[in-house]
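Fit chain B with the ligand to the supplied structure of chain A, relying on the hints for placement.
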Amino acid sequence: MTRKILIKNGLLIDTLEQKETKEDLRLADGEIIERGSGLKAAQDEEVIDAHACWVSPGLVDIHTHMRDLAQKDKEDLHSGSKAAAAGGFTTVVAMANTEPVLDSSNTLSLYLQKIASQAVIEVLPVAAVTKGLLGEELTNMVELAQLGAVAFSDDGKPVQNLVVLRRALQYVKMTGKVIISHAEDLNLAGGGCMHEGLMSTKLGLPGITSASETVAVARELEIVRLTESPYHFTHISCAASLDLIRRAQAEGLPVTVDVTPHHLSLTVDSLENYDTKLKMNPPLRTGKDRAALIEAIKDGTISAIATDHAPHSGLEKSRSFTEAPFGITGLETAFSVCYSELVLAKHIDRLKLLTLMTSGPAQVLDLQTPSLRPGARANICIIDPNYQWTYEAEEGYSRAHNSPWDKKELSGKVLCTIFKGQIVFQASQLAGRH
Amino acid sequence: MTEQTFSTVHLSQKAKELSKLDGLGVQLWRKRRHLLDTDDLSSDELTTALHAAMLCKEMMKSDGPQALLAEKTVANLFYENSTRTRSSFELAAKRLGATVINVDIASSSVAKGETIIDTGRTLTAMGVDALVQRHNCSGAALQIVREFGEDVQVINAGDGWHAHPSQALLDYFTMWEICKELNGAKIAIVGDITHSRVARSNIALLSRLGADIHLAGPPTLLPDDLSKLGVTVHTQIEAAIENARFIMVLRLQLERQQQGLIPSIGEYKRLYRMDHARLKLAADNCKVFHPGPMNRDLEISNSLADDAKHSLVRVQVQNGVAMRMAILYLLLSSR
Ligand SMILES: [Zn+2]
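Residue numbers (numbering that gives the first Met the number 0), protein chains in the order written: chain A, 0 to 433; chain B, 0 to 334.
Source of the hints: derived by calculation from the structure; they are not laboratory data.
Values in this document were obtained by computation on a predicted structure and should not be read as measured data.
Every residue gets a Cβ at the ideal spot worked out from N, C-alpha and C, and that includes glycine.
A hint or two may mislead.
Taking CB as the label site, the calculated pair distances span [said to hold, decoys possible]:
(1) B:Ser302 / A:Glu221: 42 to 50 Å
(2) B:Gln257 / A:Ala115: 49 to 57 Å
(3) B:Asp224 / A:Ser104: 45 to 53 Å
(4) B:Gly265 / A:His346: 54 to 62 Å
(5) A:Glu391 / B:Gly148: 22 to 30 Å
(6) A:Glu98 / B:Thr46: 33 to 41 Å
(7) A:Asn160 / B:Gly148: 28 to 36 Å
(8) A:Met173 / B:Asp103: 55 to 63 Å
(9) B:Asn80 / A:Gln362: 51 to 59 Å
(10) B:Gly148 / A:Asp48: 42 to 50 Å
(11) A:Ser104 / B:Lys268: 53 to 61 Å
Non-contacting residues of chain A with respect to chain B, defined by C-beta distances greater than 10 Å in every case (computed) [stated by the list, open to error]:
(12) Ala51
(13) Gly175
(14) Asp298
(15) Ser317
(16) Ala344
(17) Thr389
Only chain A is shown next, with the shape it has when bound in the complex (with noise of 0.2 Å):
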C-alpha cells in the first residue's frame, strides 16, 4: 500500500461545501493535503486517473447488521467492512443486535476491538436501549456512550412500552447520542410478512399494515415532544408515517428521518413469486409509498439513506417466505441502485444524491463529516457514474447472498474507496487507470 496518492481528472463533489470543482487531490498519512488544478505527481506518488469519475467523500451508512459474534456465519466484522468498501463506504454504523446483543461493557468492548483488529473501514457500533433488547430496562448507557457506542438502538424490534421510551430519551441526554428508532407496532404487526394489501390477498400471506409503522411513529413522536432528545427514526416506509413527520419537523421537533435503497427503488408489486430476497421489515409498501419516499427526499423530510444491510444464510432464505427471516443485504449495490433511481430518473441532483449518502446521515449521529477539504481525513470513493455492471452477489465481499439485485444490471459503479489515506476496495476497472 503506498501512503500517498494524488487523484487527477475527476470531478471532486464536496458534499460539505456543497461545491463540485474540477480539480486534483493529494493525499498522504491518511489526510487530504492538498486540492489544486494541474497538480504534479511527485516520484513516490500513486496516481489515480479519475476521468470521467466522481470524487466524493467516503459514503456513510448509519444502519447496517454487521453481525459477527455467534453469527459469524451470516457476516463478520472482515467481509461485513470489505462489502461495505466495495459499495463505498468508509463509515458504517453497526446496530446493536448482534448474538449477544451490545447491551454491556464487556460484549462492546469485545465488539469493539474486533472492529480493530478485522474491519477495513471505520465501523461505529450502536449499543442497544435496552437490556437484551427486550424494552424493559435500560443499558448502562453513559458507560456504553464511552466506551464508543455512536448512538442507541433495539433496532430489530422497537421500544413497545412508552415509559421504558420515555425514560430512555430522558436518559440518554447525558450521552448526547441519539436513540434510532426502527418504529413498528407489534401487535398491529401481527406475525405478518409482507406489506398488508391487494398482493397479499392473492398470494394468502399474512400482511403488515402499514398502520404497524405509521402508529408506532405518531406514539414515538410525542415522547420525543415529551423528552426534546434527538430522534431518529430509521427504514421509514410508508407515506402516512412521513405526513407525521414532515409535521412533527415543522413543529420544530428534533426528529430526522432516513429510507433504506430498496424501499427507494422497489415495491410490494414484485413479490409475486415469493422470492424471500425481497422478504424484508418494514416490507416493501406501495407504489404510492414508494412516491412518498422520493418526495421526501426532494423537500428535505428525509436526510440520509441507509441500507439496513441485513446478511442471512443462503439455508436461512431457502426456506418457505413465511418462515425464511427478514432482511437483505445492501452495501455493495446502494449507490448504484440509488443513482439509477434518484439520479438517472431526474429526481435528485447527484450533489443530493451524495449528500444523502455522506454528510446527511453523519449529521444525524453528529459524526465527523466528511469532506474533501486539505486538512480532512482521507476517506474517499471514486464512482464511474456511466459504468453498466451486472451484480454477482456470489462474487461479492459478503458473506450473504441475500440481494434482490443479485444478477440484476446496474448503472453507475464505485470503483476505488480510499480510507484513511489507504486503497480498501478497488475494482478491476480502476487498473488501466494508474
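Chain B with the ligand only, in chain A's frame:
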C-alpha cells in the same frame, strides 16, 4: 414406448378413450408440467380436464386399476395432515397404475423449511416422477418448482392460504355436471376467506368462467382489498346466498376464536351457519359444497350436511378422485 403399446391391449374401453384424448388442451397440459394454481389454466385445459375427469369417473365405476401410468412413481408429500386429500391422490394414482409412496412429515419435528428443499431433493434423486405436495406455507409448491422443476413434476395439494387447485377443479367438475354454463351463475363462498386456499383457487377459476361470485364472512376474516379480485364482498351471509345457484361453505378453524378474530363460536354460528332456513333464500335448485372436513353444526347444520338433495359433499369426495386421476393423467402421461 413399448410399454405403451403393450398395455393398451389390456386397457378397458374407458381407459382407451382416455389414452386417445387429444387436442390443444391435452398438449397444453403436458407442456405445463406442474399444477400450482388455477389462475393460469387456459379454457382449453379446463375443458380437457372436465372431459378426462368424466372418463375417469366412469372408469372408477366399472374398471379396476388401469396401466396408464404404470411406469410412473408419484410421491405424496404431506407436511400438513390431511387424510382426505392424501387418500384421494393416492387412490387416483393407483387407479392409473402408478406406484405411490406416501411421505408423511406432518408429525416430524425436523425444522420446517430446511426439509422442504432437502426432502424434495431426496425424492427427486430417487427418481420420483411427480411430487404431490401439501405444505402449510404459501408459496411452498412454487419453491419446489424453482429448485427442482426441471427434474420432477409438481402438483400443489395445498400451500398455506394460497392455493388448492385440485380442490377448485373438482368443485368446478361437480358444478359442471349440474350446470354446464357458469357464466353469470351466482356462486356464494361463505366463511373464513382470509385463511382459505380453497376460496382463493375457486375465486381464480370461477371468476375466469364469468361466474358472479359473492363472498360473505365476518370482516375480520375477509382479507384486504378482496373486492379487487372481481368479487362482491358481503358481511351478511343472506346477501351473498340470495338466489345463489351454488354455495360453498368453508371450514372454520376453531383457533380463529382463540386468535381473537371472532368473538365466539356461538356468534359465528348465529351469523354464518348454513342451514335449511337460510337455504330458502337461495335459488330453488341450489347446491351446497363443503371442502371437508366439516365441523358439523358449526359452519353447516347437521341436517343440511346430510341432505343429499342439496348437499354435494359426498359427490365432491367421489369427484375428487376422478379429477385427481385426470390431473395426474394429463400431467404425467407421455406421448
Ligand atoms: Zn429495523
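Cross-check of the supplied hints:
1. B:Ser302 / A:Glu221: 42 to 50 Å: Violated, at about 57 Å.
2. B:Gln257 / A:Ala115: 49 to 57 Å: Given a distance of about 51 Å, which is inside 49 to 57 Å, the answer is holds.
3. B:Asp224 / A:Ser104: 45 to 53 Å: 49 Å, holds
4. B:Gly265 / A:His346: 54 to 62 Å: Hint holds: Cβ distance 56 Å, inside 54 to 62 Å.
5. A:Glu391 / B:Gly148: 22 to 30 Å: 23 Å, holds
6. A:Glu98 / B:Thr46: 33 to 41 Å: 57 Å, violated
7. A:Asn160 / B:Gly148: 28 to 36 Å: 47 Å, violated
8. A:Met173 / B:Asp103: 55 to 63 Å: 60 Å, holds
9. B:Asn80 / A:Gln362: 51 to 59 Å: 57 Å, holds
10. B:Gly148 / A:Asp48: 42 to 50 Å: 48 Å, holds
11. A:Ser104 / B:Lys268: 53 to 61 Å: Since Ser104 of chain A and Lys268 of chain B have Cβ atoms about 59 Å apart, the given range 53 to 61 Å holds.
12. Ala51: Per Cβ check, Ala51 of chain A is outside 10 Å of chain B; nearest 41 Å; holds.
13. Gly175: 43 Å, holds
14. Asp298: 29 Å, holds
15. Ser317: Violated, because the least Cβ-Cβ distance between Ser317 of chain A and chain B comes to about 5 Å, which does not exceed 10 Å.
16. Ala344: 28 Å, holds
17. Thr389: 21 Å, holds
The structure fails to meet hints 1, 6, 7, 15 from the earlier list, while all remaining hints are met.
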